[in-house]
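So the sequences go chain by chain: A and B. Residues 1 to 113, numbered by our numbering, are exactly what the first sequence covers, in order. Residues 114 to 226, numbered by our numbering, are exactly what the second sequence covers, in order.
If you are wondering where the hints come from, they were derived from the structure by calculation, not from laboratory data. Note that the structure is a prediction, hence the values are computed from the model and not measured. Among these hints, one or two may not hold up.
To be verified - Which residues of chain B face chain A? A few of them, derived with a C-beta cut under 7 angstroms, are:
no., residue
1, Asp151
2, Gly155
3, Tyr163
4, Val165
5, Tyr177
6, Gly213
7, Glu214
8, Gly220
Stated by the list, open to error - Here are the simulated BS3-like cross-link-like pairs (lysine-lysine), alpha carbons at most 27 angstroms apart as the crow flies:
no., chain 1, residue 1, chain 2, residue 2
9, A, Lys70, A, Lys57
10, A, Lys59, A, Lys36
11, A, Lys51, A, Lys70
12, B, Lys183, B, Lys170
13, A, Lys70, A, Lys59
14, B, Lys183, A, Lys70
15, A, Lys36, B, Lys124
16, B, Lys166, B, Lys183
17, B, Lys170, A, Lys36
Where is the CB? At the ideal position from N, CA and C, for every residue including glycine.
Chain residues, written in single-letter form:
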Amino acid sequence: GQQVMQIPQYQHVQEGEDFTTYCNSSTTLSNIQWYKQRPGGHPVFLIQLVKSGEVKKQKRLTFQFGEAKKNSSLHITATQTTDVGTYFCAGLRASGGSYIPTFGRGTSLIVHP
Amino acid sequence: DAGITQSPRHKVTETGTPVTLRCHQTENHRYMYWYRQDPGHGLRLIHYSYGVKDTDKGEVSDGYSVSRSKTEDFLLTLESATSSQTSVYFCATGGRIGTGELFFGEGSRLTVL
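Given these sequences and hints, build the entire structure.
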């Protein structure tokens, strides 16, 4: 079945440093989504990428979708303590007319003040 | 946030007992999903539903069954709970094919002794 690999599993940074998490799929994806889960909370949707080579920005967050639609990245510039949490990518695959999201294992971001 | 309610939020039970978790949504979303979240494993899909009485298995469906008799309710049943099913269970809903954005409930923490 489809696998979505995400690295690194953990990342410690000093406040103000940049952070990047990477997501790789064994198969071509139709879409990819990113979610953030705060400690003790539930995943919250951040963004969806659809097009090959797409780049989207949300303030300090930059999301990229690879040309082959098999990989994606999330980059945070100048991290803040409010960025703490686990970031998940989810690759969507078509299944009988539905789109089934498969999540990576997540990258936990720890920001030291 | 979408109106998604999970119950119970916390449950402790003994091995061999049946357990049912309920997910209730007020958004009239067509798609509903049950995920389990375990340290180091991210979010793994148990079962999903693409309509009333239409369900399918996810990647970790063994030991679980689901039912969806109404659009708003999606039940997850553990017929005979085992310690390996100790986890946090998240329900998610999604409205549109291809858009795929998921809205998550608050989670249900299940401990099987």
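Do the hints match the structure? See the list:
1. Asp151: Hint violated; Asp151/B Cβ to chain A Cβ min 10 angstroms, cut 7 angstroms.
2. Gly155: 4 angstroms, holds
3. Tyr163: 5 angstroms, holds
4. Val165: 14 angstroms, violated
5. Tyr177: Since the shortest Cβ distance to chain A is 16 angstroms, the answer is violated.
6. Gly213: Holds. Min distance 5 angstroms.
7. Glu214: For Glu214/B, the interface hint holds, since the closest Cβ of chain A sits about 5 angstroms away, which is under 7 angstroms.
8. Gly220: 6 angstroms, holds
9. Lys70/A with Lys57/A: OK: Lys70/A and Lys57/A at ~20 angstroms, within 27 angstroms.
10. Lys59/A with Lys36/A: 15 angstroms, holds
11. Lys51/A with Lys70/A: OK: Lys51/A and Lys70/A at ~11 angstroms, within 27 angstroms.
12. Lys183/B with Lys170/B: 19 angstroms, holds
13. Lys70/A with Lys59/A: 25 angstroms, holds
14. Lys183/B with Lys70/A: Distance ~36 angstroms between Lys183/B and Lys70/A Cα, so the pair is violated.
15. Lys36/A with Lys124/B: It holds: about 25 angstroms lies between the C-alpha atoms, which stays within 27 angstroms.
16. Lys166/B with Lys183/B: Holds, at roughly 8 angstroms.
17. Lys170/B with Lys36/A: Answer holds: Lys170/B to Lys36/A is near 25 angstroms, not above 27 angstroms.
In summary, the structure is inconsistent with hints 1, 4, 5, 14 from the numbered list given earlier, while agreeing with the others.
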